[in-house]
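Residue numbers (the working numbering), protein chains in the order written: chain Z, -15 to 274; chain W, -15 to 274; chain B, -15 to 274; chain E, -15 to 274; chain V, -15 to 274; chain Y, -15 to 274.
What the hints contain is simulated information worked out from the structure, not anything from laboratory work.
Computed from a predicted model, the values in this text were never measured in an experiment.
Misleading hints may appear alongside valid ones.
Claimed, not checked - In silico DMTMM-like pairs for lysine to aspartate or glutamate, Cα to Cα no more than 25 Å straight-line:
no., chain 1, residue 1, chain 2, residue 2
1, W, 223, E, 224
2, E, 161, W, 49
3, E, 161, E, 149
4, W, 223, W, 169
5, B, 176, V, 131
6, E, 161, W, 224
7, W, 184, W, 127
8, E, 161, W, 267
9, W, 176, Z, 49
10, Z, 176, E, 49
11, Z, 108, Z, 129
12, B, 223, Y, 181
13, W, 85, W, 73
14, W, 7, W, 41
15, Z, 184, W, 181
16, Z, 223, E, 178
17, Y, 70, Z, 73
18, W, 168, Z, 126
19, Y, 176, B, 162
20, B, 223, V, 178
21, Z, 7, Z, 112
22, Z, 176, Z, 149
23, V, 223, B, 162
24, Z, 109, Z, 129
25, V, 161, V, 112
26, V, 223, B, 224
27, E, 85, E, 112
Number of protein chains: 6
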Amino acid sequence: MRFDEAYSGKVFIGSHPTWEDAKVILYGMPMDWTVSYRPGSRFGPNRIREVSIGLEEYSPYLDRELHEVPFFDAGDIPLPFGNAQKSLDLIEEYVDSILEKGKFPLGMGGEHLVSWPVFRAMYKKYPDLAIIHMDAHTDLREEYEGEPLSHSTPIRKVAGLIGPENVYSFGIRSGMKEEFEWAKEAGMHISKFEVLEPLKQVLPKLKGRPVYVTIDIDVLDPAHAPGTGTVDAGGITSKELLASIHAIAGSDVHVVGADLVEVAPVYDHSDQTANTASKLLREMLLGFVK
Amino acid sequence: MRFDEAYSGKVFIGSHPTWEDAKVILYGMPMDWTVSYRPGSRFGPNRIREVSIGLEEYSPYLDRELHEVPFFDAGDIPLPFGNAQKSLDLIEEYVDSILEKGKFPLGMGGEHLVSWPVFRAMYKKYPDLAIIHMDAHTDLREEYEGEPLSHSTPIRKVAGLIGPENVYSFGIRSGMKEEFEWAKEAGMHISKFEVLEPLKQVLPKLKGRPVYVTIDIDVLDPAHAPGTGTVDAGGITSKELLASIHAIAGSDVHVVGADLVEVAPVYDHSDQTANTASKLLREMLLGFVK
Amino acid sequence: MRFDEAYSGKVFIGSHPTWEDAKVILYGMPMDWTVSYRPGSRFGPNRIREVSIGLEEYSPYLDRELHEVPFFDAGDIPLPFGNAQKSLDLIEEYVDSILEKGKFPLGMGGEHLVSWPVFRAMYKKYPDLAIIHMDAHTDLREEYEGEPLSHSTPIRKVAGLIGPENVYSFGIRSGMKEEFEWAKEAGMHISKFEVLEPLKQVLPKLKGRPVYVTIDIDVLDPAHAPGTGTVDAGGITSKELLASIHAIAGSDVHVVGADLVEVAPVYDHSDQTANTASKLLREMLLGFVK
Amino acid sequence: MRFDEAYSGKVFIGSHPTWEDAKVILYGMPMDWTVSYRPGSRFGPNRIREVSIGLEEYSPYLDRELHEVPFFDAGDIPLPFGNAQKSLDLIEEYVDSILEKGKFPLGMGGEHLVSWPVFRAMYKKYPDLAIIHMDAHTDLREEYEGEPLSHSTPIRKVAGLIGPENVYSFGIRSGMKEEFEWAKEAGMHISKFEVLEPLKQVLPKLKGRPVYVTIDIDVLDPAHAPGTGTVDAGGITSKELLASIHAIAGSDVHVVGADLVEVAPVYDHSDQTANTASKLLREMLLGFVK
Amino acid sequence: MRFDEAYSGKVFIGSHPTWEDAKVILYGMPMDWTVSYRPGSRFGPNRIREVSIGLEEYSPYLDRELHEVPFFDAGDIPLPFGNAQKSLDLIEEYVDSILEKGKFPLGMGGEHLVSWPVFRAMYKKYPDLAIIHMDAHTDLREEYEGEPLSHSTPIRKVAGLIGPENVYSFGIRSGMKEEFEWAKEAGMHISKFEVLEPLKQVLPKLKGRPVYVTIDIDVLDPAHAPGTGTVDAGGITSKELLASIHAIAGSDVHVVGADLVEVAPVYDHSDQTANTASKLLREMLLGFVK
Amino acid sequence: MRFDEAYSGKVFIGSHPTWEDAKVILYGMPMDWTVSYRPGSRFGPNRIREVSIGLEEYSPYLDRELHEVPFFDAGDIPLPFGNAQKSLDLIEEYVDSILEKGKFPLGMGGEHLVSWPVFRAMYKKYPDLAIIHMDAHTDLREEYEGEPLSHSTPIRKVAGLIGPENVYSFGIRSGMKEEFEWAKEAGMHISKFEVLEPLKQVLPKLKGRPVYVTIDIDVLDPAHAPGTGTVDAGGITSKELLASIHAIAGSDVHVVGADLVEVAPVYDHSDQTANTASKLLREMLLGFVK
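Full structure from sequences and hints, please.
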């Protein structure tokens, strides 16, 4: 007999026992090898699971419980250390397998570059895909010091894939001048500094569209998410981020997948950021999957 | 000669030298043995005292100084490790002795269950007692995994004692579905997520009533109180909590006792939470005791 | 598909997939509710598993690999918070079930009191049991402030059960005068300060005897094990503790069970102590089970 | 060949190679010997430089890049440990040399007393100087326990020098009653608790005046700046402080110098406060120097 | 009623209630204003008291209990921040008052310069005083960057006072070349790197002499005392330092006073160094005072 | 004027002002992208420089001062994040340029793989090169999960380059069984667990040979070097490592280059490991370069 895994934080609280009858697959992408500043997000997914034991399974915001949306915590995809391309290929392949079965992929990073292969998998299934992106950083570089596979590039890549006009960034407060200029010229949508109000403007325009939501935890102010690689002052509060998730949940967009990335436990005193991430994931799961 | 204790943080700054001529008794309840998640609040009261040396004795909010409200820091009640029932009995007995002398009890936890025996003592003296409760969590369980003495139960217990209609909870953002449902059916008052605005609505209704104020530090957002057992994102700021204390101070309710619980130093990098707690206690003392 | 658990530190590295065909059962006892000083060892077993991913499966000391001793990591026994007696009952029951199947119990604490029900289970099966005990503290109190179920009592209890002359303590450097005097009068064996040399003297006397080995991580000097509840200067090094485990492994005693207790992650910067504990457990497993 | 210093955080990101052709001199004042509570700000300037590598050189707030305002990071002024008077003399002398060349001094503390000699140097050059002061504390003591050179005194000193009516304090939430009373009587301007709104009221009155801006990082709430000597709950957010800097930048005052003080890395888990300080300095530099 | 102070770490465990009938006075010297590197030892004495609650009152090394040597914990001498000369004067005056009553002074630093006024007081009473000094650093500078009152100078000062031939340093592994050369020429005794063996050589020569023992915690290796201002690799273990204290205790020297300095809690994860210091003080007290 | 860099820890203490007239080049290799467990050593070199300000420039072990061996701290080689091959190429090229000028290369890692290009550069100049390698880990893998550029492979690579019989590993206590077996068969020299004694045996055999010394800081016990990626209990003390460096210094081998790798500041509470590393580097510099 093995004791209940959820009891000791080995899987996200409330995870169903089998992949097959789950509607949502929760999975980790433990990669941080292209980050330019502070690495460590490879340990994010597991720490989030571990602290989820402190969460209630009920959301008083959405009046819904985890058992109402059967999900399966699949663990972390085994990724080869230091090999970015192969890691991305493995992620794309795994998300393909989730989508094939009609399930909802809910990913945990890892650095933000892990969203790139997910975007590719999503786009193959949903050609009219739009992206809602919450982040402190533009992530619009074409390359970082000559390297096209960098955590500074995923949004530029997806803009190239699905068209810049289908990408909506919120909360952005850091980037190179060239990135902001490119976005403007290309017709990509960037809401600087704020998330909730501009999001409320955008959601009606995306009515009925398949939407993928990618959240970099550093969209939060460092006070709310110290445990990440690149903190940047002047961000939003966790209350505002929760309200933003709830705004999407209450809108008419069709969320088809989502992720939360860049939680780095080693910079996260007393698991503050991991605890917040576990609550955000619960709300994303309960709010995005009908 | 022993050097001044206040100098080195051994008692809360500004403490008067004797129990007898003090109007307020400040005391610690160093118990954390029933917590389900992260223990450590037993060390809260002492750390709060220690850092209070960094506080001014004057409140620019209330334009009042500590010497205007003579209080005595009695230290921590010696509680038997791991024996919850006996600990609770000792607390009740001590608060009885404070009330007997007509003094105002100002308690520091420890886990939230320590408020239960205080509620009992208060109710014996004030049969028309109302409770103002600020917390992230409902604390309305009847038991936790079969154990009726748990830090998840004190508000349920006091609702049974004084009537659910006399209990007002604010800032609640976590609990089981059953707890919220029970509160609704029983007629208990729960203000979800927010504190200040709903409190301003409630205070006039409690005009002239004897009120006990119990504050779980986790009503604050984790950004403002990382040093506690169970952090929960989406909370209020320390500025809002100060304003809420000042709202009570400026109202017509008759505050007859108060406590601040769940500060856990081991999760509190650089004593951020303990420093905030010491300021909250100063404002409670200067604001609640006329 | 759920990804390999060992990959992400969910079970101890090298754990076999099934209980049934394992020779050794590794299990956690996440209890810390009777500790008088600093709690937190309830999180020890899981942190040890998590960091075991950094271990090799091969011991260059014993020239043996984990697959040669099939073991199953059963997770943590679910224990009721704050209820010591019930927790102890559950532990005894579980160890009974391990012994019934002829398997070797390898436990991870939790506070040292968790060893008491294990001692009881072992003694039922092995009436001529001897105990090898490594610890900074005597743990010979009859009670702690009136409480007979305390982390300061397990060795006194087992001495009463199997006879003081069958208990061998090593490395002891802290205790009340009365405890040392009791041990002397009762005929119990205490080696003060040192472990390896006195152990080498004792092992031949225990030849062929069934022996249970209980190690409190605080037998190590605080430099080597800062992450524990009660550190005490003047202890042995991890090199000496490894050598002591290897001395037992190379002797003619018949080790029938073992545990390692009191790892408390919250005091353990960068997982130093948990990493050391995971290595000690690998060596205990490879050295004690033939 | 020495590798680029900016690459490894040895100078503030974007620093120009020479003193001579720089418009702004960025310099550190590593002194903390008069602090009454928690020392450590002597290490602030270097840590701020070190983490500035994580900053972009472009401000999306001001649409301006660092190369548009050539600045030179001069390192830390070597100050004699424990000798306050001599340290202050050295600072004044250095700022004199900056002003002599018509450059803009941008200082990094160190404790707040380091601003006092800067005020003196500024006043010599600008006799109609006004001070904008953002801080949690009044800093209006005449002395601290008999010592006139104390980190609690610089604003009182400068009020004496340039006239209390030319000093504008914002965000103040801590001080002795006497300090607030003195300010009121002397005609000094104190805005309690808030910064942005009262600042917007004041700025038009200072139109065209030479203004020195001194920011104590503890004007931020402890959630936003835990890494400082004396934290005080109820402060403003980093978003509000950024907006306040931008309000000054967009006004008609003539900023002639500025500093940011009291960052203390040893209390700053994961460099949260140092990161925020580095962003504030970038915005001060880009916003204050036309 | 104030609860027992020893219970909550407000005084060193086992402290007697009154100054008058105590044989030993334990006092803190919370000064760190002349340190050149990392400040923070001003908080050392209080943290040592706080953690002493985890100590037993019995020494199994010396077979003696604290009640056998009545001592009084007088708290910290109130010292003026940043004023070195006045602080030293206050210390000398206080130690004079202890010696006058025939009591044994046992001091806790604070930086090492606090020992200088103690040496002066001791020498006034004991003109044939010898010093046993354990430290990583020579502390033999005449001044530090022009400043004669520096934590790098106390041993040079005492050598001047009592004669270099009466000063015995042990464990020294850091200093300027000039310091080692001066010691050699002056006839001072320096044992490099090691403590126990050279101490055993020296003790017989000091038979019957009045000896003051001053221990800088950094004589320990950083592994054993990370919580200090200036760590230096290659030091001794806590086991060796305990043995050295016991060697003095068992010798024929007449210890007339002692101190332990330089514990700095802010660099001391989980209070490892403070715990070790509290044990060292217990052994010094039980071993040095007959 | 820029203030002295050494003053504020921007270069290693005692660094000479120019590359040209230096005998030794000290350089950082800030790469950690292939590590399988905990990343972070990219920040090692700069932290070592920063804390070197706490070091004396004189070695009482070797009776030599830094100015006697003119060295230049060149800063960190700028390496492209996440691109292992290109990083290695840049390192090799830089070390070539050092050797070309007849200077001694003293490197700071970064992960251990950075030594591989240095080995290549050294071998080109010294075809009869021998390697002295101190480490907890064999580092003898051919690849790590399919990846030949891994921090687990540098010693295998150099054994292939210069011949296994010319590689001497010391202190090894972790590796796969296959690695130990390969070493034995290939004729490589591995001294398990210990360093000093086996080193003393080996040094005479290497008399007159050009030797490169590569030290992984994890050869130290975790108590002595917690701040590294993969700690492993049972290691040597810093005292033993210093003695080992001094043994090489006092032997007849011809040290032609050296490095110290794997210091990872984020796991290094209070810079204990970085401080130790800075002392080790001073001793390597003073001891290895005649």
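Tell me the hint numbers this structure goes against, listed in increasing order. Those not satisfied are hints 4, 5, 7, 11, 18, 19, 24 and 25.
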